[in-house]
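**Q** Listed below, chain by chain, are the residues.
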Amino acid sequence: MTVVVTLPPAPRAVPELECDPGGIRGYGADLLAASAQVDDLGTFAAGEARIAGWTGLGATAYHEAIRPTGRLADAMSLALRGVARRVDQHADALQALLERRTTLAGEHDHLVTTIAGLRDRVAAGTEAEAAAIQAACDDCAARVRTYETDLDRWATDLMAEEEAMREAFARVQTLDQVERRYGGLADPADGALDSMPGSHAPPSEVKSWWDGLTREQQLAIVAASPGSIGNRDGIPPWARDAANTVSLDRDLADWGNLEDQGVLTDDERQWLDNARAAQDAIAAIEDGTDPVTGLAVSTTLYVYDPSAFDGDGAVAVAAGDLGSAHDIAVTVPGFGTDGQSAPYQADRTLDLYEATRHVDGTGSVATMFWIGYDAPDNLPWEGEGWDAAGVAGEGMASAGGDRLADMLDGLRDSRDGGPAHVTVIGHSYGSTTTGLAAHDHGIPVDDLVFVGSPGVGGDTDSAADTGVDPDHVWAGSNSRDPIADLGNHGWVHLESVLGGAGLGDDPAEDDFGAIRFEAESIDRPGHLDVGEHSNYFNHDTESLYNLSQIVSGNYDDVLTADPVTDPWYDSPQDPEWDRDPTAPDTDGKP
Amino acid sequence: MDVVPFAMGTTARSWDEQHLDLQAAAGQIAEAPTGGFTAGVSGAASRFASAWQRHATELGDTAEARADGLRTSAADYVRTDQGVASDSFLILDVLREAR
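First to last, the protein sequences are chains A and B. As numbered in the working numbering, residues 1 to 590 make up the first sequence, in order. As numbered in the working numbering, residues 1 to 99 make up the second sequence, in order.
With the rest of the complex left out, here is chain A (with noise of 0.2 angstroms):
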């Protein structure tokens, strides 16, 4: 007797789909700085254009005629930014649809294996395995139609989804449409920024204002007036990086026309290099792979002003996500430090990212690099020397210091959910401004850590004084690097012998009480060598390693290291010295 079974049909292949939704993020942030640039337009239209005091004939004409034009700009504005948004929403909608895409291909495949096996059994089976055989086979079928559903409804969604994105196209394409869509139309931006808290407003308040406003008041600021939120403390970090982000954008296009055209002032041109470095900066992070998932790290332009401090400019790249991280790890920079240094300390915040990750997996970080005040300009003994730089004196780092204090309050007040576990770590002259921010103003971390520190502020003569608890502030010093012997030691204090001159004391001595950790590199030179002032960072260091781990909140796996002593019959003694240094693994590669 011939039993027949009936095998399940053959499930349809995925079709592919050729996108990159990170290309179309990147079309729809040009719209968007664009639209900032045409919104300007409106606004200068309505206010500074107007001519007071000029009347007669050609003033009517003039204040007639550039009303309509004002008009335009605005409803320009509010067109290019709604398609900017559209755009955004595609690339959203594009990702899940690889992602559903990604899901269906992994069962289409294990369909096709699931019906070779059942192919296999027919023809080995025997005639009492039939049953069975038929009931598998009748299962399997059942979830070829559910996946043939799910394909089907794929392919409808992908094709509304593109359906929709043409109608925004569409709908905007010439100022006819414009006009009738947008002409006359409020900017829900205005009414928003008239109710924005003044500029002395704690992070709190600006905090809670920004929650009071709606999702499309909020995504019209960030397209309209970026400059008035992207650095302001208070506002949560995917905000920041928004406008911040529409701000590095119109910047890098307007200069980059103006030097086209050979108009580029010298103040323009520091300016624009300084936005270059910027954008070199986000660049060299996200070109790295995070170590625990492999995909590109994400980053967080969290501060951006290519202009401030006479035009060394100011900017802070995160590595991962600042708003919802465990982890932060704010790094605070020191001598020669300016907003062109922004690729290099990039580097630097990408290898804490991955050797965090790489020690500690299983939670989630955000690093961040923040050139934020005036640091001196050169190091000692380049350039100028001491006192010119403003290196001897704490002037710079005091400024620093109530800038970071205030930043790190504002990154405290605008994250939503639980707080995170916060370590800032100041390196060289940014120890100076890191002690001087924690001794002066209380700054609100979880661990406080100083890196090659020529000293932590002339009123900061142990662990304590930091406001900080003593089991928490670290200090990691190179027994080779000439700028962490720089410090107080034992009863010395240059800032008295020299007149002002000085920088506090030494984190690592034993009197400041501070948890030393093992600094040291394997490939040290036997004198004092001003390059592995530079190594704190690097790869496969002790320093690295510890960082990391103190990042982490792992304190039990920290490297420590006896401190510096500075008995009153000799020179400072630095039992590291001696210590043969290791290479702890931060990164997982050879």
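I should point out that these hints are in silico values taken from the structure, not numbers from a laboratory. Glycine included, C-beta positions come from ideal geometry on N, C-alpha and C. Treat each hint with caution, since some may be false.
[Unchecked claim] Some but not every residue of chain A turned toward chain B, in silico, with C-beta under 10 angstroms: (1) Gly-28; (2) Met-165; (3) Thr-174.
[Said to hold, decoys possible] Not close to chain B: a few residues of chain A, all C-beta gaps over 12 angstroms, as computed: (4) Leu-7; (5) Thr-69; (6) Glu-129; (7) Ala-170; (8) His-200; (9) Asp-416.
Dock chain B against chain A, hints included.
**A** For chain B alone, coordinates are given in the frame of chain A:
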């Protein structure tokens, strides 16, 4: 009739800056990358960018025309009104197009 040629000159320069900014915006729109879109959408994205490059360019040209018009009006006034002749060396500087 009151004429304020110095203010007209500085405002003209602001219109010039708007013109330059819109030139930049037009370039930015034109160079917006369309390669990430699917084949079914990239054509629409290209057409949109092309149309809006023209719109931004035209708006920039309008700004430039406002600047030129203001400069012309102010210069005419300076030339014909003897009362401001003594200040004309100051005014003429601001009535020159800086960039």
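**Q** Compare the structure with each hint and give your call.
**A** Hint check:
1. For Gly-28 of chain A, the suggested interface contact is upheld, since its CB lies about 8 angstroms from the closest CB of chain B, less than 10 angstroms.
2. Checking Met-165 of chain A against chain B: minimum C-beta separation of about 5 angstroms stays under 10 angstroms; hint holds.
3. Annotation: Thr-174 of chain A was flagged as interfacial toward chain B, and the flag holds, the nearest CB pair being 7 angstroms apart, inside 10 angstroms.
4. The beta carbon of Leu-7 of chain A is kept farther than 12 angstroms from every beta carbon of chain B, the shortest such distance being approximately 35 angstroms.
5. Once the 12 angstroms rule is applied to beta carbons, Thr-69 of chain A is inconsistent with being away from chain B; the minimum gap is 6 angstroms.
6. The Cβ of Glu-129 of chain A sits about 47 angstroms from the closest Cβ of chain B, beyond the 12 angstroms cut-off, so the non-interface label holds.
7. At roughly 7 angstroms from the closest C-beta of chain B, the C-beta of Ala-170 of chain A falls inside 12 angstroms, breaking its exclusion from the interface.
8. The claim that His-200 of chain A is not at the interface with chain B holds, since no C-beta of that chain comes within 12 angstroms of its own (minimum 30 angstroms).
9. The Cβ of Asp-416 of chain A sits about 30 angstroms from the closest Cβ of chain B, beyond the 12 angstroms cut-off, so the non-interface label holds.
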